[in-house]
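Chemist: Please construct the entire structure, taking both the sequences and the accompanying hints into account.
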Amino acid sequence: QQPVQSPQAVILREGEDAVINCSSSKALYSVHWYRQKHGEAPVFLMILLKGGEQKGHEKISASFNEKKQQSSLYLTASQLSYSGTYFCGTETLSGGGADGLTFGKGTHLIIQP
Amino acid sequence: KAGVTQTPRYLIKTRGQQVTLSCSPISGHRSVSWYQQTPGQGLQFLFEYFSETQRNKGNFPGRFSGRQFSNSRSEMNVSTLELGDSALYLCASSLGPTGNQPQHFGDGTRLSIL
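Protein chains in written order, with the working numbering: chain A, 31 to 143; chain B, 73 to 186.
Honestly, the hints are just simulated from the structure, not real lab data. Where hints are given, some of them may not hold.
[What the hints assert, rightly or not] Which chain B residues face chain A? A few, computed with CB under 8 Å, are given here: (1) P111; (2) E124; (3) T125; (4) N128; (5) G130; (6) P133; (7) G134; (8) F136; (9) S137; (10) G168; (11) N172; (12) Q175.
Because the structure is a prediction, the values reported are computed rather than measured. Where a beta carbon is used, it is the ideal one built from N, C-alpha and C, also for glycine.
Modeler: Rendered as structure tokens:
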């Protein structure tokens, strides 16, 4: 089932902070975050795994609440280059193991000078 | 290191035809996943292959199929094309199964159905 992202869109001034949320109705094995700029391929930002392990870029931070099946991506002191669409992807646990990455509809982030 | 390569970049087909898309993963990556991206539905998971075996499959009709070769290259086939199949098809590769590995996306194949 597709995770739900919020907000759908956000406009910020350069230097402001933003939080993007992702929630699922199923127990999660992992949460992935990607950013896609217009006309380009999605680019990996971070993975958060059940049990607390994280893999990602140093300048990106995120949280994963396993009990609530929620994740949040924190963008601090935003720069113009942060503009784009942010997708969270979730892998849920089924009887045979993880069942494939399902992406949310995305959050459009616009950073203005 | 070369990135993920998808061919062709653009394709125009008519209804009822079939199409094969190709994906060459990053060297050393054994997992390849395919996604369909449209403005209305976003990124939708098609299937994932790992070591030549289909590991997971999304909720798409049987007209969509894929395979992975021993060199990890993958192909995706769509038969009996419909207008709704017009989309950007993205391939992503990772070292291992997608659950705990970053995925590296190719630039995609834009398929237009007339």
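Chemist: Hint by hint, say whether it matches the structure.
Modeler: The hints, checked one at a time:
1. At a threshold of 8 Å, the smallest CB-CB gap from P111 of chain B to chain A is about 10 Å, leaving the interface hint violated.
2. Contact between E124 of chain B and chain A, as hinted, is not supported at the beta carbon level, the nearest pair being about 17 Å apart and thus beyond 8 Å.
3. The interface hint given for T125 of chain B is violated, since its Cβ lies 13 Å from the closest Cβ of chain A, which is over the 8 Å cut-off.
4. Hint status for N128 of chain B relative to chain A: holds, with the closest Cβ pair at about 3 Å, below 8 Å.
5. Below 8 Å, beta-carbon pairs count as interface contacts, and G130 of chain B has one with chain A at about 6 Å; its hint therefore holds.
6. A cut of 8 Å between beta carbons decides the hint on P133 of chain B: the least distance to chain A is about 16 Å, and the hint is violated.
7. Given hint, G134 of chain B at the interface with chain A, is violated; its Cβ is 17 Å from that chain's nearest Cβ, farther than 8 Å.
8. About 14 Å separates the beta-carbon of F136 of chain B from the nearest beta-carbon of chain A, more than 8 Å, and the hint is not met.
9. The beta carbon of S137 of chain B is not positioned within 8 Å of any beta carbon in chain A (closest approach about 16 Å), and the interface hint is therefore violated.
10. Proximity of G168 of chain B to chain A is violated relative to the hint, the smallest CB-CB distance being about 11 Å (cut-off 8 Å).
11. Against a cut-off of 8 Å between C-beta atoms, the interface hint on N172 of chain B holds, since the closest Cβ of chain A lies about 6 Å away.
12. Nearest Cβ of chain A to the Cβ of Q175 of chain B: about 6 Å, under the 8 Å cut. The hint holds.
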